[in-house]
Amino acid sequence: MKAEKSFPELEKEDGQTVQGNINRKPLRNSRKGLFLQKGYKTSSWALILLFLTIVLGMTIAVVLSAFGEEWYGTFLPQGYTIEWFIKAWQAYEVGEYFKITMGIVLTATVISLVLSIPTVYILARRDFPFKQALISFFQLPFTLPDLLYAIPVASIFYSIGLAETIPGLIIVNLIVGIPFSVFILLPYMESLDPRLEYAATSLGATKFKLFQRIVLPQVVPGITASAINIFIRMFNTFTIILLISGPKTQTLNVMVFSVLQGSGSQPPAMLNSLALTLMIPLLFFSFLSLWVSSFTQRRLGK
1 MKAEKSFPEL EKEDGQTVQG NINRKPLRNS RKGLFLQKGY KTSSWALILL FLTIVLGMTI
61 AVVLSAFGEE WYGTFLPQGY TIEWFIKAWQ AYEVGEYFKI TMGIVLTATV ISLVLSIPTV
121 YILARRDFPF KQALISFFQL PFTLPDLLYA IPVASIFYSI GLAETIPGLI IVNLIVGIPF
181 SVFILLPYME SLDPRLEYAA TSLGATKFKL FQRIVLPQVV PGITASAINI FIRMFNTFTI
241 ILLISGPKTQ TLNVMVFSVL QGSGSQPPAM LNSLALTLMI PLLFFSFLSL WVSSFTQRRL
301 GK
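Residue 153 in UniProt numbering sits at position 153 of the sequence shown, and the numbers go up by one each step.
Everything labelled a hint here was simulated from the structure, so no lab data went into it. Since this is a predicted model, take the numbers as computed values, not measurements. One should not assume that every hint holds.
Quick list of in silico lysine-lysine cross-link-like pairs, DSS-like style, CA-CA up to 25 Å [what the hints assert, rightly or not]:
#1 Lys-87 with Lys-99
#2 Lys-248 with Lys-131
#3 Lys-99 with Lys-248
#4 Lys-248 with Lys-87
Build the full structure now, drawing on both the sequences and the hints.
The following block contains the structure:
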């Protein structure tokens, strides 16, 4: 008589069957997840490539148009010239607006550093009530939308007579420059070894000498990085400057926007050369900022 399978054997076989089914489901799920992950990466890279193609394509078109002599119905311009830049600088007094912009931004940069360096030192070395709230407050101007504070500030400036004046433009740039400088300098100041300051104090150094001889030389890379970054940010400030600047106090980017907005019958090549005039210093200072940041990171890493 054929012996029946024992209960443990059935359990073993059933267990293998069940375990096999359990193992198949995660395998299918893992393959599905891997497929979705690859699809997500592919689509992400495709969108990035499309975005870069559009941006680079428009930039190259602007550059070719600004330097091109004639460009009608051909793939590339017939020749190249700087005549459009000369005409744009003469027609729109670009040099005058550039001097106004540089004067405002450089003055605001120096004032921002002078005010932010001692502020950062206090934040890094002292504990006091609402310290974190104060640090968060300094981050508001570059985390909130520009219009959220630009409209109230413009209203106040018009009411007290600071609108359409150079001092008024410097002050509104400080609203951006000081918080941004504090945000950049604070990690540098916090990384300093306080034992050097204690040693200098024990040897009789005054607070001024301590700050001048010990603290400042160590944060020079941070000050340089902060100066370049806040200069770029203030040079590129647009919304609040547009609201409070006047015909004689416009910065370069506001002037370019006004010209492009009411371009009328101006040649496209002249308008593109004007736009490129604004792009070139921004690109230069942006690359300079990246180089300084890389240099300071290598120095701090050592």
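Going down the list of hints, with the structure as the test:
Proximity of Lys-87 to Lys-99 is assessed by CA-CA distance (about 18 Å); at most 25 Å being required, the pair is judged to hold. A threshold of 25 Å between alpha carbons decides the hint, and for Lys-248 with Lys-131 the separation of about 41 Å lies outside it, so the pair is violated. Simply put, Lys-99 and Lys-248 have alpha-carbon atoms about 12 Å apart, close enough for the 25 Å limit, and the pair holds. Between Lys-248 and Lys-87 the CA atoms are separated by roughly 21 Å; this keeps the pair inside 25 Å, and the hint holds.
The structure fails hint 2 only (numbered hints given earlier).
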